[in-house]
Structures are given as C-alpha cells and as structure tokens.
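**Q** Sequence:
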Amino acid sequence: MDFALSEEQTAIFDMAHAFGQEHIAPHARQWEADGTIPKALWPELAALGFGGLYVSEESGGSGLSRLDATLVFEALSMACPSVAAFLSIHNMCAKMIDSFGSDALKSAWLPRVLTMETVLSYCLTEPGSGSDAAALKTRAQKTNEGYRLTGTKAFISGGGYSDAYVVMCRTGEDGPRGISTVIVEDGADGLSFGGLEDKMGWRSQPTAQVQFDNCLTALENRIGDEGAGFKYAMAGLDGGRLNIAACSLGAAQSGLDATLRYMAERQAFGKSIDQFQALQFRLADMEIELQAARTFLRQAAWKLDTGAPDATKFCAMAKKFVTEAGSRVVDQCLQLHGGYGYLADYGIEKLVRDLRVHQILEGTNEIMRLIVARQMLAR
Numbered sequence: 000m001d002f003a004l005s006e007e008q009t010a011i012f013d014m015a016h017a018f019g020q021e022h023i024a025p026h027a028r029q030w031e032a033d034g035t036i037p038k039a040l041w042p043e044l045a046a047l048g049f050g051g052l053y054v055s056e057e058s059g060g061s062g063l064s065r066l067d068a069t070l071v072f073e074a075l076s077m078a079c080p081s082v083a084a085f086l087s088i089h090n091m092c093a094k095m096i097d098s099f100g101s102d103a104l105k106s107a108w109l110p111r112v113l114t115m116e117t118v119l120s121y122c123l124t125e126p127g128s129g130s131d132a133a134a135l136k137t138r139a140q141k142t143n144e145g146y147r148l149t150g151t152k153a154f155i156s157g158g159g160y161s162d163a164y165v166v167m168c169r170t171g172e173d174g175p176r177g178i179s180t181v182i183v184e185d186g187a188d189g190l191s192f193g194g195l196e197d198k199m200g201w202r203s204q205p206t207a208q209v210q211f212d213n214c215l216t217a218l219e220n221r222i223g224d225e226g227a228g229f230k231y232a233m234a235g236l237d238g239g240r241l242n243i244a245a246c247s248l249g250a251a252q253s254g255l256d257a258t259l260r261y262m263a264e265r266q267a268f269g270k271s272i273d274q275f276q277a278l279q280f281r282l283a284d285m286e287i288e289l290q291a292a293r294t295f296l297r298q299a300a301w302k303l304d305t306g307a308p309d310a311t312k313f314c315a316m317a318k319k320f321v322t323e324a325g326s327r328v329v330d331q332c333l334q335l336h337g338g339y340g341y342l343a344d345y346g347i348e349k350l351v352r353d354l355r356v357h358q359i360l361e362g363t364n365e366i367m368r369l370i371v372a373r374q375m376l377a378r
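Mapping of the sequence shown onto numbering that gives the first Met the number 0: position 269 corresponds to residue 268, and the numbering continues sequentially without gaps.
A portion of the hints provided could be inaccurate.
Below, simulated DSS-like cross-link-like pairs (lysine-lysine); rule was C-alpha separation at most 25 Å, straight line [unchecked claim]:
id: 1; residue 1: Lys230; residue 2: Lys141
id: 2; residue 1: Lys38; residue 2: Lys198
id: 3; residue 1: Lys230; residue 2: Lys136
Simulated restraints, written as ranges between beta carbons of each label pair [unchecked claim]:
id: 4; residue 1: Gly338; residue 2: Met199; range: 19 to 27 Å
id: 5; residue 1: Gly337; residue 2: Asp212; range: 30 to 38 Å
id: 6; residue 1: Gly193; residue 2: Ala32; range: 17 to 25 Å
No lab work stands behind these hints: they were computed from the structure.
All C-beta atoms, glycine included, are put in the ideal place defined by N, C-alpha and C.
When you get a sec, could you build the whole thing from the sequences and use the hints?
**A** This is the structure we're talking about:
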C-alpha cells in the first residue's frame with residue numbers, strides 16, 4: 000500500500016495550483032462582486048486539459064483517473080472553490096457524453112466541450128424534486144422534429160450563462176426508468192431562464208432556474224438510450240461527490256495556511272498569538288482533521304477508479320466527512336482571525352460562505368448517510 004502521489008500526480012497538482020494562484024486567486028473577490036466568471040478563463044483551463052479531465056484519450060480528453068481529478072479540484076479550490084466547483088460540473092457533463100453518447104453525438108459535441116468553447120451545465124434538480132430526484136416532472140415529448148421539453152429546473156449553476164444544458168427529463172413512465180438525458184443548446188426555441196439567485200456563497204457562479212416551454216432539441220441530442228437517463232445521472236454523481244469534497248479540502252487548506260500566517264504576525268499580550276498553547280491545540284486539531292479528510296478522499300477515489308463494489312458507499316462517506324470537516328476548519332479559521340476574519344479583505348468569510356453549500360449539493364449529507372446505512376444493512 001503506497002500513500003504517496005506519483006511524480007505525474009504531483010505535477011498535475013502543482014500545475015493546477017500554479018494556474019489558480021496566478022489566474023484565479025487575484026480576481027476571485029471581484030468575480031464574486033460581479034456575480035460571474037469571465038468566459039475567457041475557460042479556454043485557458045481547457046488548454047491545460049481541464050475541459051475533459053476524465054474524458055477518454057480516444058475521445059480527445061485527458062483520460063485522468065478520478066484520483067488525479069481530485070488533485071486538480073483541490074488545487075484550484077485553493078484559489079476559489081466557486082470557480083473550481085463550476086469546472087467540476089462541466090466535467091461531469093463531459094464525462095456523461097463520453098461514456099454514454101453515440102459516436103455521432105460525441106463527434107458533434109466533444110470537440111467544443113473539450114476546448115470549453117461550449118461550457119456545460121447539469122440540469123437535474125427541480126423546484127419540487129431535490130433529494131427525490133427520480134420524481135422530476137420536466138417532460139420531453141418525442142415528435143418528428145425532435146424532443147419538445149416542458150418544465151423547470153432549479154438551482155442550476157450556469158443558468159443563462161452556459162452554452163448548453165445536459166437535461167434529465169421524463170420521456171416515459173413515472174420513476175427512474177422513465178427518465179432520459181438530452182442536450183439543449185443555448186438559444187434553443189422555448190428555452191428561457193429565471194432571475195439570478197441571490198446566494199450566500201458561490202456568488203461568482205451565475206445560478207438561475209432553467210425553463211423549458213415546448214423547447215425543441217434534436218433527437219440526435221439524446222445521450223445514450225431512452226429511459227436510461229437517471230442511471231447516467233447517478234453514475235456521474237459518485238465522481239461529482241469526490242470533486243466537491245476535494246473543493247472543500249483545498250479551500251479549507253488555504254484557509255488554514257492563511258490562518259497560520261496571520262497568527263504569526265498578530266500580536267497580543269506581548270507575543271504572537273501562535274505562541275498560545277490553547278490556540279496551538281486548535282491548529283493541531285484542524286491539521287489532524289484535514290489530513291484525515293485527505294486520506295479518506297483519496298481512498299474513495301481509488302475505490303472508484305478500481306471499480307470496487309463498495310465505491311459508491313465510500314464516495315458518499317468521503318463526501319459527507321470531507322465537506323463537514325472543511326466547513327468546521329474554515330469556521331475555526333475565521334474565529335482565530337477574530338474580527339478581521341469577518342472582513343472580506345482577509346478572504347476567510349468567503350470560504351465560510353462558499354463551503355456551506357457543499358453539504359447540500361451533489362446529494363445532501365443526509366442522503367449520504369442514507370446511502371451508507373442502506374449498504375450496511377444490505378450486508
């Protein structure tokens with residue numbers, strides 16, 4: 000058993016980290032204030048191979064493992080977890096096209112997706128179906144022209160911003176077996192968007208409802224088989240849960256690093272506050288928690304890469320553990336900064352806000368517990 004990263008994996012992490020610190024971190028606060036991420040950023044990330052991290056090399060992607068991908072998201076989230084998480088969503092969609100799409104669909108879409116000329120959003124959640132995703136109501140009626148979609152998707156990262164939407168919709172009976180997945184291009188007839196959501200965190204990501212009013216997309220834009228869309232959507236979530244955990248990990252690590260620097264400089268009662276044993280114990284607790292989280296995350300990624308039968312359980316456990324650990328750590332970082340931690344200038348309060356949603360999306364942490372418990376009882 001070897002816990003060390005290979006030279007190649009270290010190089011992947013270092014490349015992502017260097018890009019994030021140079022091209023994302025200096026602008027993160029301004030992008031948050033603007034409520035958007037400049038689209039010019041995405042082709043720059045795609046030039047590093049980050050537009051199709053685990054899209055197969057045969058399809059033009061980077062062909063990285065899930066473990067490799069967690070390193071990318073951990074490194075990028077040290078600059079801004081909101082930007083890193085948005086890239087994760089695009090990659091989840093790209094992988095669905097590569098894994099389940101026809102050769103014709105892949106040829107039509109992947110070249111632009113991999114260069115991030117086409118940025119993708121994932122549309123599963125609806126106003127009335129969150130954790131109970133299989134209860135979705137958006138319907139796609141098959142016609143001679145193509146699929147006509149009617150319904151609304153909620154909390155969509157990139158709503159009104161992305162170039163295309165990977166949409167889970169009902170083409171058949173109630174329940175998961177009646178769900179298919181189609182791609183709807185921006186500008187399609189009948190496609191519109193709600194107003195931008197005013198969110199606690201992830202404020203640089205435009206988030207809005209995506210609305211379909213007899214919206215037309217070509218039959219050729221269906222991903223895989225009709226009726227298999229829910230299976231495809233769930234297949235993407237194991238990796239998505241690892242990615243969002245990695246975003247929590249990287250952001251929390253950056254918060255801890257900033258806190259160490261602050262405490263070395265901040266003076267109280269005649270010495271720097273990192274010399275007080277009570278505060279040293281807090282630092283030690285945070286370091287222990289992050290190291291445990293990192294090891295757990297990488298074990299889960301290894302299980303997913305090797306096709307272990309309990310991979311889904313481990314992805315759920317890691318997502319729950321790491322996202323909660325990340326939030327606890329950044330909350331302590333804010334406390335150790337005192338009043339300055341509450342100010343935007345120090346960047347800590349942004350981490351607290353950004354990481355909170357990680358316990359909700361990609362399956363709530365309550366659903367993660369449910370997945371784990373069901374697999375335990377099934378044994």
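**Q** Against each hint, give a clear statement of whether it holds in the structure.
**A** Now the hints, each set against the structure:
no. : hint                        : result
1   : Lys230 / Lys141             : 20 Å, holds
2   : Lys38 / Lys198              : 21 Å, holds
3   : Lys230 / Lys136             : 17 Å, holds
4   : Gly338 / Met199: 19 to 27 Å : 20 Å, holds
5   : Gly337 / Asp212: 30 to 38 Å : 51 Å, violated
6   : Gly193 / Ala32: 17 to 25 Å  : 22 Å, holds
Violation of the numbered hints given earlier is confined to hint 5; every other hint is satisfied by the structure.
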